[in-house]
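Colleague: Assemble the whole structure, with the sequences as input and the hints as a guide.
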Amino acid sequence: MCMVSLNMIYQRLDKTISSLTVRSKAKIRAFSDREQERFDNLKGRTGRAFVSKIANSTIKNTMRGIRQGVGFATLFLALPMTFQIVPSMGAAPIDCQKNHTRDRTWLPCPAKNCAELYKSGHRISGVYAIDPDGSGAFNVYCDQTTAGGGWVVFQKRVDGSVDFNRTWDDYKHGFGNFTGQFWLGLDKIYRLTTNKTKNILRIGLVKATGKTDHAEYGWFGIGNETAMYKLYIGNVTTNETVFSDSLGPHRDFVFGTWDRDPADCPQRRGGGWWYGNSSDCAVWSNLNGIYPRGKKEIRASIFWGNLDKSPEGSSPTSTELKIRPVDFL
Numbered sequence: 200m201c202m203v204s205l206n207m208i209y210q211r212l213d214k215t216i217s218s219l220t221v222r223s224k225a226k227i228r229a230f231s232d233r234e235q236e237r238f239d240n241l242k243g244r245t246g247r248a249f250v251s252k253i254a255n256s257t258i259k260n261t262m263r264g265i266r267q268g269v270g271f272a273t274l275f276l277a278l279p280m281t282f283q284i285v286p287s288m289g290a291a292p293i294d295c296q297k298n299h300t301r302d303r304t305w306l307p308c309p310a311k312n313c314a315e316l317y318k319s320g321h322r323i324s325g326v327y328a329i330d331p332d333g334s335g336a337f338n339v340y341c342d343q344t345t346a347g348g349g350w351v352v353f354q355k356r357v358d359g360s361v362d363f364n365r366t367w368d369d370y371k372h373g374f375g376n377f378t379g380q381f382w383l384g385l386d387k388i389y390r391l392t393t394n395k396t397k398n399i400l401r402i403g404l405v406k407a408t409g410k411t412d413h414a415e416y417g418w419f420g421i422g423n424e425t426a427m428y429k430l431y432i433g434n435v436t437t438n439e440t441v442f443s444d445s446l447g448p449h450r451d452f453v454f455g456t457w458d459r460d461p462a463d464c465p466q467r468r469g470g471g472w473w474y475g476n477s478s479d480c481a482v483w484s485n486l487n488g489i490y491p492r493g494k495k496e497i498r499a500s501i502f503w504g505n506l507d508k509s510p511e512g513s514s515p516t517s518t519e520l521k522i523r524p525v526d527f528l
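436 is the number that my numbering gives to position 237 of the sequence shown; each next residue is one higher, with no gaps.
Since the hints were derived computationally from the structure, they do not count as laboratory data.
Please note: incorrect hints may appear among the correct ones.
Claimed, not checked - The calculated lysine to any residue pairs, modelled on SDA-like cross-linking and capped at a C-alpha distance of 20 Å, are:
{"hint": "1", "residue 1": "Lys395", "residue 2": "Trp418"}
{"hint": "2", "residue 1": "Lys387", "residue 2": "Pro448"}
{"hint": "3", "residue 1": "Lys311", "residue 2": "Phe377"}
{"hint": "4", "residue 1": "Lys395", "residue 2": "Gly325"}
{"hint": "5", "residue 1": "Lys397", "residue 2": "Gly384"}
{"hint": "6", "residue 1": "Lys429", "residue 2": "Asp412"}
{"hint": "7", "residue 1": "Lys395", "residue 2": "Ala462"}
{"hint": "8", "residue 1": "Lys395", "residue 2": "Leu486"}
{"hint": "9", "residue 1": "Lys406", "residue 2": "Gly504"}
Said to hold, decoys possible - Pair ranges (Cβ atoms, derived):
{"hint": "10", "residue 1": "Lys318", "residue 2": "Thr366", "range": "36 to 44 Å"}
{"hint": "11", "residue 1": "Thr408", "residue 2": "Thr366", "range": "17 to 25 Å"}
{"hint": "12", "residue 1": "Gly417", "residue 2": "Gly320", "range": "22 to 30 Å"}
{"hint": "13", "residue 1": "Asp362", "residue 2": "Asn505", "range": "37 to 45 Å"}
{"hint": "14", "residue 1": "Lys318", "residue 2": "Ala426", "range": "27 to 35 Å"}
{"hint": "15", "residue 1": "Arg450", "residue 2": "Gly320", "range": "20 to 28 Å"}
{"hint": "16", "residue 1": "Gly409", "residue 2": "Asn434", "range": "25 to 33 Å"}
{"hint": "17", "residue 1": "Ser334", "residue 2": "Asp526", "range": "21 to 29 Å"}
{"hint": "18", "residue 1": "Asn434", "residue 2": "Gly347", "range": "18 to 26 Å"}
{"hint": "19", "residue 1": "Asp332", "residue 2": "Asp444", "range": "24 to 32 Å"}
{"hint": "20", "residue 1": "Lys318", "residue 2": "Arg459", "range": "17 to 25 Å"}
{"hint": "21", "residue 1": "Gly379", "residue 2": "Glu424", "range": "37 to 45 Å"}
{"hint": "22", "residue 1": "Thr436", "residue 2": "Thr411", "range": "12 to 20 Å"}
In this text, a Cβ means the ideal position worked out from N, Cα and C, and glycines have one as well.
Modeller: Here it is as structure tokens:
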């Protein structure tokens, strides 16, 4: 299978980051020469399209760092980790630890989460490949700035332009775009929270008034698909007085979508969420609900109970759900 060489990748980098100093470019070329031979050993494992995607991600992360004023030393340190080889769907995961011993090729193991990436020097928020449990890498959006960084963002909504009233399969695998609004995928969230790493959950909301609030839960996890991704969650640990604990009452509820739910709650409430089996479909929150038109909230609206006692009601305008290991700080 035809591959894109590191030389070709760095030719693109040279054209894109022409503002770097001659000395900086020389360092990049030197790195390319050292790694070219090792990179050749990986031929046949990944196709042209995927390597090109990695290259584009590297260029974008590099340019983002330049715009944010990150020093060249930090950018240069980050380059090797951006060339993580992620197996295609259905391919057997690469055992990078055994690979080091067997043929001594350079194949860094993907980090388990965004917290590991942060501690290894990746301080720029963006899309990275991670492998929480050794069963195959996938891309996530890492928030490396909020409250010390290290967060894997698994839900983000801004304006309701992306439809969140989706099927079970959509919520299982994920949808949307990391640069805008998205849902990471229940299978991926399950892998992130069942790999012997205890995680905290941070929920960030923007009210209709423009005010931003957040709360953190002491731990968070979900069951697998057989368990209908049942919600496991601890108590609110911060910002208890800002707005009510409106996810805790959903503890032990199962996930439901309009095409798979025993109580038909998504049919009445809209969006995929932890609804449980209650026939009255009582909810204290639904951050995947439908954006209300104007100021009038409906039963299926995006919702966080008692978010605001003002006339704007309890429908946030923006939401973000993210997790990181409890012992990160």
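Colleague: Decide, hint by hint, whether the structure agrees.
Modeller: To see whether the hints hold, each was checked on the structure:
Note on Lys395 and Trp418: the hinted pairing holds, with a Cα-Cα distance of about 12 Å set against a maximum of 20 Å. Restraint check for Lys387 and Pro448: not satisfied, since their Cα atoms lie roughly 24 Å apart, outside the 20 Å limit. Only pairs whose Cα atoms come within 20 Å are accepted, and Lys311 paired with Phe377 is accepted, the gap being roughly 19 Å. Among the hinted pairs, Lys395 with Gly325 is inconsistent with the structure: their alpha-carbon atoms are about 25 Å apart, more than 20 Å.
A C-alpha spacing of about 19 Å is found between Lys397 and Gly384, which places the hinted pair at or below 20 Å, so the restraint holds. Restraint check for Lys429 and Asp412: the C-alpha separation of about 26 Å exceeds 20 Å, so the hint is violated. Proposed proximity of Lys395 and Ala462 is contradicted: the alpha carbons are some 32 Å apart, above 20 Å. Distance hint between Lys395 and Leu486 is unfulfilled; the C-alpha atoms sit about 27 Å from each other, more than 20 Å.
In summary, the hint linking Lys406 to Gly504 is supported, as the alpha carbons are separated by about 12 Å, within the 20 Å threshold. Range check, Lys318 to Thr366: Cβ separation about 37 Å, and the 36 to 44 Å hint holds. Under the hint 17 to 25 Å, the C-beta atoms of Thr408 and Thr366, about 34 Å apart, miss the expected range. Separation of Gly417 from Gly320 is about 28 Å and conforms to the stated range, judged on CB atoms against 22 to 30 Å.
Asp362 and Asn505 have their C-beta atoms about 27 Å apart, which leaves the hinted 37 to 45 Å range violated. Separated by about 32 Å at the C-beta atoms, Lys318 and Ala426 satisfy the suggested range of 27 to 35 Å. Distance hint check: the CB atoms of Arg450 and Gly320 are about 37 Å apart, inconsistent with the given range 20 to 28 Å. At roughly 29 Å, the beta-carbon separation of Gly409 and Asn434 lies within the given 25 to 33 Å, and the hint holds.
Hint check: Ser334 to Asp526, Cβ distance near 23 Å, so the stated range 21 to 29 Å holds. The given range of 18 to 26 Å is respected by Asn434 and Gly347, whose C-beta atoms sit roughly 21 Å from each other. Distance hint check: the CB atoms of Asp332 and Asp444 are about 30 Å apart, consistent with the given range 24 to 32 Å. In this structure, Lys318 and Arg459 break the distance hint of 17 to 25 Å, their C-beta atoms being roughly 39 Å apart.
Here the CB-CB span from Gly379 to Glu424 is close to 27 Å, at odds with the stated 37 to 45 Å. The hinted range of 12 to 20 Å is satisfied by Thr436 and Thr411, whose Cβ atoms lie roughly 18 Å apart.
Going down the numbered hints, you'll see the structure goes against 2, 4, 6, 7, 8, 11, 13, 15, 20 and 21, while the others check out.
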